[in-house]
Amino acid sequence: MAPGAWAGIVSMWAHMPAELRRSVHTQVVQGLTPGGVFILEAYTPAQLAFDTGGPRSADLLMSAAQLCDELAGLEFQILRKLEREVREGAKHTGRAAVVQVLADGI
1 MAPGAWAGIV
11 SMWAHMPAEL
21 RRSVHTQVVQ
31 GLTPGGVFIL
41 EAYTPAQLAF
51 DTGGPRSADL
61 LMSAAQLCDE
71 LAGLEFQILR
81 KLEREVREGA
91 KHTGRAAVVQ
101 VLADGI
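Mapping the sequence shown onto my numbering, position 69 (from 1) lands on 69, and the numbers just tick up by one.
Think of the hints as simulated: they come from the structure by calculation, not from any bench. Certain hints may be false.
[Claimed, not checked] Heads up, simulated EDC-like pairs for lysine to aspartate or glutamate below, C-alpha to C-alpha not over 20 Å straight-line:
#1 81 <-> 69
#2 81 <-> 70
#3 91 <-> 41
#4 81 <-> 51
#5 81 <-> 104
#6 91 <-> 51
#7 81 <-> 59
#8 81 <-> 41
Take these sequences, add in the hints, and give me the full structure.
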């Protein structure tokens with residue numbers, strides 16, 4: 001990802017091993033232009049208590065605290081964890097534990 005090249009980056013349900021995720025998030029921070037926008041939604045470790053989809057490995061899930069650390073250098077407009085209904089196909093339907101991010105490049 002080219003540094004300072006992106007006005008917007010979106011990560012929806014992009015679950016990857018923690019080491020790779022940290023590397024990608026570092027690239028996101030570096031890749032955004034000043035004022036560029038990063039949007040993310042992902043399952044949190046609390047999702048393991050639900051049978052409504054998402055990874056079954058805690059290593060693939062992310063918490064708000066992890067994201068705050070991994071995305072240091074962005075200005076968070078929204079960083080929240082919540083439970084919400086998802087309807088995204090037969091294996092991703094029902095109550096879900098998610099984290100949502102809206103952040104700006106500095």
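Violated hints - listed by number, lowest first = Checked against the structure, no hint fails, so every one of them is satisfied.
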